[in-house]
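Peer 1: Spelled out, the chains give:
Protein chains: 2
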Amino acid sequence: MKRIPVVIAGCGGVGRQLLEHIVNCRALHSKQGLVLRVVGVCDSQSMLVANDIFTEELNDDVLARICLEKSRGTSLSELNDIGDCQVFDYKEATMQVIDIAGLLGRSTGLAVVDCTASSETLEVLKQVIDSGCCVVLANKKPLTSSMEDYQKLTSHIRRIRYESTVGAGLPIIASVTRVVASGDSVFRIVGSLSGTLGYVMSEVETGKPFSEVVQAAKRLGYTEPDPRDDLSGMDVARKALILARLIGWQINLDDITVESLYPEEMGPNSMSTEDFLGGGLSLVDKDIAERVRVASLKGNVLRYVCLIEDSRVQVGSQEISKASSIGRLRGSDNVVEIYSRCYKEYPLVIQGAGAGNDTTAAGVLADLIDLQDLFK
Amino acid sequence: MKRIPVVIAGCGGVGRQLLEHIVNCRALHSKQGLVLRVVGVCDSQSMLVANDIFTEELNDDVLARICLEKSRGTSLSELNDIGDCQVFDYKEATMQVIDIAGLLGRSTGLAVVDCTASSETLEVLKQVIDSGCCVVLANKKPLTSSMEDYQKLTSHIRRIRYESTVGAGLPIIASVTRVVASGDSVFRIVGSLSGTLGYVMSEVETGKPFSEVVQAAKRLGYTEPDPRDDLSGMDVARKALILARLIGWQINLDDITVESLYPEEMGPNSMSTEDFLGGGLSLVDKDIAERVRVASLKGNVLRYVCLIEDSRVQVGSQEISKASSIGRLRGSDNVVEIYSRCYKEYPLVIQGAGAGNDTTAAGVLADLIDLQDLFK
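For the protein sequence lines, the chains are D and W, in the order given.
Sequential numbering of the first sequence, starting at 1, is according to full-length UniProt numbering.
Sequential numbering of the second sequence, starting at 1, is according to full-length UniProt numbering.
Just so you know, these hints were derived from the structure itself, not from any lab.
These numbers come from a predicted model, not from an experiment.
C-beta atoms are modelled at their ideal positions from N, C-alpha and C, and glycine is treated no differently.
It cannot be assumed that every hint is accurate.
[To be verified] For lysine to aspartate or glutamate, the following EDC-like pairs were computed, each having C-alpha atoms within a straight-line distance of at most 16 Å: (1) W:K208 - W:D285; (2) W:K376 - D:D373; (3) D:K376 - W:D373.
[As the list claims (entries may be wrong)] Now the in silico label distances, taken between C-beta atoms and shown as ranges: (4) W:E345 - D:F187: 32 to 42 Å; (5) D:K322 - W:G248: 38 to 48 Å; (6) D:R341 - W:S296: 48 to 58 Å; (7) D:D226 - W:D60: 52 to 62 Å; (8) W:S185 - D:L68: 16 to 26 Å; (9) D:Y346 - W:N59: 32 to 42 Å; (10) D:I157 - W:M147: 30 to 40 Å.
Build the full structure now, drawing on both the sequences and the hints.
Peer 2: Right, here's the structure in full:
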């Protein structure tokens, strides 16, 4: 039986779901001769660590308790009674992860999973890679920092996986990695990589005002608490950057042209979320409706896409043929079209649910399992 | 630099293209610290082996010469002047592969690539796996033999890859493997997995007689020399069996319901290819045209698909909604829809070129590269 030690940072939606998946897959993984040993779990305030990381782990009762408490909004720091593990505060947690990586990197190996949305994990992750350990990311921030940081993180390309940073669990990163590894050069990627914006753009097409659609999306839980985090396009830009770097481009977030779906003067610094949704947003309705109408006259639809081509990455609303995969997209599905030597005239298309904790955590788990050959 | 020894069986279209890809990717792979060392190449009559498999390989000049000669239809057995390698005849070749696997399995590891279309490689491949070596398949036959053979071949699941057996280089096997590994149970797969039949079915939809379309497909090089090899559905049945076994079903080729697109009395035992194409086939035109018409009245199209669901695998022509991924398919693209817990209402869809030596060989090469962590 191969025992893979894992540390999980972040136990909000995705991290908690990952813990549940790990417990639920015990029998399946055991059949393949694998055990995922969770030796540490962090949230934003503290960290639980097994008493002896070489021989012990947080057992399934402890993991179930963590899931339950986190679903109630409890902080890990309050779980002093949980037994068989140590609790560290935020400042100590960073050193703990580095120490565990140092110790296990020399013996069995370790996988550190970043399910946070923080830009502060980067430094720790670089040290984890330096220690000879593995990193799995659902967090886009570490990969979308400077090119220098990116190169450091990916310096041992087999030891880092990040499927769930783009299109949740959809096998986009794995597929592009395969295409690139076979020497099939990718010259164009077009994608609709935001479930939220996919939903919004396909709804406005039916004649509904943009502001109403955004409000409905917020009610349905499709948007961030402040929908401007989606409408700014920055989340899509990060995904596009990850894809562009994956196909070998040396570019930065600053190099990407990003169209925001609201004017700058309605930004978070000038207006509350309530004012934005209650009044500001409706000022954009007319413009969007007009663009939808113009597109429709040409047999096109308006979609919020990323376009990676000719050394440029663009993120914004574009007129797309109704007949294309992206034009036909409905609901909150994601789709990506990859054009390469082998997929020149007709692209390689990958489509499916691109959001949700279940599928995002499933992507992280598949990454973890795929790292198994690197463990002793 | 990690040096991965490779033996390639079959140097017709796919095998030859693989050799070219390997040579063309030298710089790319070297950047990742990898060298693919081709220590042996077989065709149906003989085998070339490097003089010392531990330290030498067939160099790029030799590989280029092999590609050139095979493209001219020359047998490897005629390449006695090629230098720096030994030539073995067919009977010796089998023992050679087993010997090489035995020797390298204990040291660096070895990957044996099966690019043949033969059912005779199975026994050797089982011994290769037994020796602790890896197997990469473009050949469907070894995986579609008895369940016992399948279990033997996949007994060390990380050491066998077979992306190019289904949908050429399309990342279908890799994607389903990821879904399964994350505990996301697949309950339904629908696919259009024959470029030839995809082309035929979408052409008859435009009103052309079935027999004319098949003849055109043959002229375009889309079919096997005897188009009945495609029209029988057995090739699709093998692909469906590989997918069904991948999601954990213990079934055999016999268990699959396969609809042939020509009546049994027009089979290869009763009729020559010429008689079949020249006369027999047109007797089917009316029936197919009628089925296309009936489907169309309901807003459907007729497609030749595989359906894996409810413990049954069916392969044949079915009415499919025009609006679905499969219904919209044009040309010789393949598409597969995967339904699982995470992709329940809307499936995970993978679409693209599902035939061609370039993409098939690219899939094999991506498999080889993905095995790298198993090599010392």
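Peer 1: Now, for every hint given, state plainly whether the structure supports it.
Peer 2: Taking the hints in turn, this is what the structure says about them:
| no. | hint | result |
| --- | --- | --- |
| 1 | W:K208 - W:D285 | 9 Å, holds |
| 2 | W:K376 - D:D373 | 11 Å, holds |
| 3 | D:K376 - W:D373 | 11 Å, holds |
| 4 | W:E345 - D:F187: 32 to 42 Å | 34 Å, holds |
| 5 | D:K322 - W:G248: 38 to 48 Å | 39 Å, holds |
| 6 | D:R341 - W:S296: 48 to 58 Å | 37 Å, violated |
| 7 | D:D226 - W:D60: 52 to 62 Å | 57 Å, holds |
| 8 | W:S185 - D:L68: 16 to 26 Å | 24 Å, holds |
| 9 | D:Y346 - W:N59: 32 to 42 Å | 37 Å, holds |
| 10 | D:I157 - W:M147: 30 to 40 Å | 37 Å, holds |
When held up to the earlier numbered hints, the structure conflicts with hint 6 and nothing else.
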